Amino acid sequence: TQLLEQSPQFLSIQEGENLTVYCNSSSVFSSLQWYRQEPGEGPVLLVTVVTGGEVKKLKRLTFQFGDARKDSSLHITAAQPGDTGLYLCAATIQDSNYQLIWGAGTKLIIKP
Amino acid sequence: EAQVTQNPRYLITVTGKKLTVTCSQNMNHEYMSWYRQDPGLGLRQIYYSMNVEVTDKGDVPEGYKVSRKEKRNFPLILESPSPNQTSLYFCASWGTEAFFGQGTRLTVV
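If you read the sequences in order, they're chains A and B. Heads up: the first sequence runs through residues 7 to 118, numbered per our numbering. Heads up: the second sequence runs through residues 1185 to 1293, numbered per our numbering.
So that you can see chain A by itself, here it is in the shape it has in the complex (with noise of 0.2 Å):
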């Protein structure tokens, strides 16, 4: 079973501060997702990276791809209240596209 791991797995911090979410694995994935998930709903899809060193930027959410496409990280700028909720990493697996691995996910607070 291929891992896709992130961390910090909790991160409570106060509003206007800035934080970074990783998401590590030791394959090689042809993409990778970002989802966000409020409580005892699902996750809703932020962003897909593609391809290496790729950034995009959401807002005050940064996203970028490692070169090797192993790796990825979301950076939140001055983090509001609204953005607290449950990260979640995903990655399509290189020779096949049907198959998608999570991340546990980083539960993030941000207190007013």
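Be aware that a few hints might be false.
Below, simulated DSS-like cross-link-like pairs (lysine-lysine); rule was C-alpha separation at most 30 Å, straight line [claimed, not checked]:
1) B:K1241 - A:K76
2) B:K1241 - A:K113
3) A:K117 - A:K63
4) A:K117 - A:K65
5) B:K1255 - B:K1201
6) B:K1202 - B:K1241
A few chain A residues that don't get close to chain B, going by computed Cβ distances all over 10 Å [as the list claims (entries may be wrong)]:
7) L17
8) G59
9) K65
Quick caveat, the hints were computed from the structure, so don't treat them as lab data. Here the structure is a predicted model, which means the values were calculated and not measured. Glycine included, every Cβ here is placed at the ideal spot set by N, Cα and C.
Got chain A sorted already, so can you dock chain B onto it with the hints?
This is chain B only, laid out in the frame that chain A set:
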């Protein structure tokens, strides 16, 4: 609107009473999957299906069955539920991105 519809949202049942959780998608996706989500364990795949009549076990298939008779539907069947199957269940389908149902919170007493 693209969506995955799961029913029911909440279910409390007794040990051993067969139940089915339905899942339907309107995006013509070939790939569908069932997950359970438990605190600290993330999303664990129960079963997945790559197309009609093609299903395979995920990481935690014991105690579950699925069927894929039509492309849009992928029901999850618990023939004899047990308390350790109490969990939050999600159905998902995808093409280039995964779409999730709203979840089914199942309690087996």
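Holds or violated: K117 of chain A and K65 of chain A, Cα atoms, limit 30 Å. holds, 20 Å
Verify the proposed pairing of K1202 of chain B with K1241 of chain B, using a straight-line Cα cut of 30 Å. holds, 20 Å
Run the distance test for K1255 of chain B versus K1201 of chain B: straight-line Cα separation, threshold 30 Å. Cα-Cα ~27 Å, so holds.
Should the label of L17 of chain A as a non-interface residue stand, given a Cβ cut-off of 10 Å to chain B? holds, 15 Å
Consistency of the no-contact label for G59 of chain A, given chain B and a CB cut of 10 Å: It holds; G59 of chain A is separated from chain B by about 20 Å at its closest Cβ, greater than 10 Å.
Take the C-alpha atoms of K1241 of chain B and K76 of chain A, compute the straight-line distance between them, and say whether it is at most 30 Å. Holds - the C-alpha atoms of K76 of chain A and K1241 of chain B are around 26 Å apart, at most 30 Å.
If I take the minimum Cβ distance from K65 of chain A to any residue of chain B, is it greater than 10 Å? holds, 19 Å
Does K63 of chain A lie within 30 Å of K117 of chain A when you go C-alpha to C-alpha? holds, 23 Å
Given the hint that K1241 of chain B pairs with K113 of chain A, test it: the Cα-Cα distance must not exceed 30 Å. Given that 30 Å is the threshold and the Cα spacing comes to 28 Å, the pair holds.
Of the numbered hints given earlier, the model fails none.
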